[in-house]
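Chemist: Listed here are the chains, written in short residue letters.
2 protein chains.
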Amino acid sequence: MRPKVNKHYLGIDFGGTNFKFGVVDSEFNLKEFKIMSLGKLKDPRVSIVFIKDLVSDLSKKYKLMSIGFGLPGPVDFETGHIHYLVNLKNWRNIGWKKLMEQELKIPVFLDNDVNAATLAEYYLGSGRGCLNMMMVALGTGVGGGLILGGKIYRGASNVTAEIGHIPLSIKGPKCNCKGIACLESYIGNQNLLNYAYRILHKHPESVLSAVKKKKLIISLEDITDAAKAGDKFAIDFWNDVAEKLGQALVGVVNILNIEKIVIGGGVSAAGQFLFKPLRKFVRVRAMDIQAKNVKIVKAKFQNKAGIIGSALIAKYALEKRSF
Amino acid sequence: MRPKVNKHYLGIDFGGTNFKFGVVDSEFNLKEFKIMSLGKLKDPRVSIVFIKDLVSDLSKKYKLMSIGFGLPGPVDFETGHIHYLVNLKNWRNIGWKKLMEQELKIPVFLDNDVNAATLAEYYLGSGRGCLNMMMVALGTGVGGGLILGGKIYRGASNVTAEIGHIPLSIKGPKCNCKGIACLESYIGNQNLLNYAYRILHKHPESVLSAVKKKKLIISLEDITDAAKAGDKFAIDFWNDVAEKLGQALVGVVNILNIEKIVIGGGVSAAGQFLFKPLRKFVRVRAMDIQAKNVKIVKAKFQNKAGIIGSALIAKYALEKRSF
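Quick note, the sequences are listed as chains L and B, same order.
For the first sequence, the residue numbers in our numbering are 1 to 323.
For the second sequence, the residue numbers in our numbering are 1001 to 1323.
The following block holds chain L by itself, in its conformation from the complex (with noise of 0.2 Å):
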């Protein structure tokens, strides 16, 4: 360890319900990471006085050259300002950037979650060696973020690559941001979960009937399980994800041409029970020369990807790189 010696950079991936920080070298070595619930943390007076005392502990150790935050909502990457943050109703129209300046006396700056996932999978993980790509996260929203000429594309009002709010139909479940049938009213953690058990009173042959009885509640875990035991309903189950995930990537494929789609977030834990018929649905329903060109891939750092980005984003803008 030599502390204090080499360059260090912190990445804040500041979520819905849990608090992440990670500290990485100049190579982007992790050399620190936690993870914790978001608790007291949701109020931002609580989190500054927080956040101040951990940047005071970690330099102790390490010479932290900038701070990147990851954050869950509308935020202006130029002016560091946050327009809000989803689920967090306490943070709106607050100047983070100048605010964090102020307090830490180290140069701040910030991001969409994604946005700084995007960013790490793009530089570092499995989106390498590519000019455009989609970012593709699936948890309990479904979110995407966008490298189009090997930079963050960021639209006219920094709000891109909501992939989750592809319509799939012209009617279905009413969601959240207000449309009809988004694909994730349709493959969101939770709404997963409550299709999963709309249909598995139907098949009581599913081992997955048992393990409801046992357990009372199942997880996308024992669905993913259940397959790999060769469970046909949990098989069939991974199969009609991969095609509602496949509608919308078709879309986006036959519109932008990517090169790669970098899938994660918990579903894609389910692995080859949800890319292999994924692959093969945009394979055959895309058009030939865009579905040709790309790849479709599992991310690399999965929850550590938002602290990755995060820290990646601080140094890259520390640096005026521009990405």
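What the hints contain is simulated information worked out from the structure, not anything from laboratory work.
Don't take every hint at face value.
[As the list claims (entries may be wrong)] Pairs of lysine-lysine residues, derived as DSS-like cross-links and limited to a Cα-Cα distance of at most 25 Å, are as follows:
#1 B:LYS1280 <-> L:LYS178
#2 L:LYS202 <-> L:LYS228
#3 B:LYS1089 <-> B:LYS1020
#4 L:LYS276 <-> L:LYS244
#5 B:LYS1171 <-> B:LYS1151
#6 B:LYS1292 <-> L:LYS171
#7 L:LYS174 <-> B:LYS1280
#8 B:LYS1280 <-> L:LYS171
#9 B:LYS1174 <-> L:LYS171
#10 B:LYS1174 <-> L:LYS280
#11 L:LYS171 <-> B:LYS1202
#12 B:LYS1171 <-> L:LYS244
#13 L:LYS276 <-> B:LYS1178
#14 L:LYS292 <-> B:LYS1292
#15 B:LYS1276 <-> L:LYS171
As the structure is a prediction and not an experimental result, all values here were calculated from the model.
Put chain B on the given structure of chain L with help from the hints.
Modeler: Below, chain B alone, put in the same frame as chain L:
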């Protein structure tokens, strides 16, 4: 008239059925415009001779600085190579730029025809004043072009913005592109008319039933005329088209957060019967920020967009302007 004094540019829009050309001055005022049936020009050898004569004729009157071609298929803007042209089987693997420059002794540039139309609308037409725009061309096919960050977006392999091939549901008609339930298989001109015929016999009260009895066929113009006369069948028909196009555009808007959608092609002649329900659909169903930031407008140049855009490419490429 001040022949041969001012700089002029020739744009050639080489469609699947028509050959159009136009001469513009440095301010893109159209000095000459002609549209003719493709006929024998479907043969590349005949085309070469014809274009040579055409350029020789026009050169007597205009100082032609460069020539731009808009072509219906995948072509390589950088190298000037034609991969193939849709519905024109003899046009395959031709080094068109090199060949034309040898024959004409004038700099030649080429691009996809929809990119040409997109550039015309973006720099000179309804797309002015934004950085991110989608062009939608409604015709036999449903094509598109994308301007992102003020530049044509070309993707990994020069095939982008295929809005006609966004799938609208998991099941549906098989599309020429091999996809299922693509937008084009619903609202391509011929598919629209087939749909009108299929449902019209259930609506003897519509004025269109009388039109069909009299003329044996109906056209999309007839349907617009009927809508203008207050015919409920015709109004519902355009509402239905707006819903289908709207569903695809909601996905595009949620992903790309573009500021303008410029709609051209024959179907856009339906005017408010299409645009009013379309704008409402996108406003209601797209995500708030994206919906607030996008305008849906009618193309300015319509059937001249291709030649004006081709001439613009000729001028800008000659001036080494990036676009």
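Chemist: Decide, hint by hint, whether the structure agrees.
Modeler: Hint check:
{"no.": "1", "hint": "B:LYS1280 <-> L:LYS178", "verdict": "holds, 14 Å"}
{"no.": "2", "hint": "L:LYS202 <-> L:LYS228", "verdict": "holds, 21 Å"}
{"no.": "3", "hint": "B:LYS1089 <-> B:LYS1020", "verdict": "holds, 20 Å"}
{"no.": "4", "hint": "L:LYS276 <-> L:LYS244", "verdict": "holds, 14 Å"}
{"no.": "5", "hint": "B:LYS1171 <-> B:LYS1151", "verdict": "violated, 35 Å"}
{"no.": "6", "hint": "B:LYS1292 <-> L:LYS171", "verdict": "holds, 23 Å"}
{"no.": "7", "hint": "L:LYS174 <-> B:LYS1280", "verdict": "holds, 17 Å"}
{"no.": "8", "hint": "B:LYS1280 <-> L:LYS171", "verdict": "holds, 16 Å"}
{"no.": "9", "hint": "B:LYS1174 <-> L:LYS171", "verdict": "holds, 20 Å"}
{"no.": "10", "hint": "B:LYS1174 <-> L:LYS280", "verdict": "holds, 17 Å"}
{"no.": "11", "hint": "L:LYS171 <-> B:LYS1202", "verdict": "holds, 24 Å"}
{"no.": "12", "hint": "B:LYS1171 <-> L:LYS244", "verdict": "holds, 11 Å"}
{"no.": "13", "hint": "L:LYS276 <-> B:LYS1178", "verdict": "holds, 20 Å"}
{"no.": "14", "hint": "L:LYS292 <-> B:LYS1292", "verdict": "violated, 36 Å"}
{"no.": "15", "hint": "B:LYS1276 <-> L:LYS171", "verdict": "holds, 20 Å"}
The structure fails hints 5, 14 (numbered hints given earlier, in ascending order).
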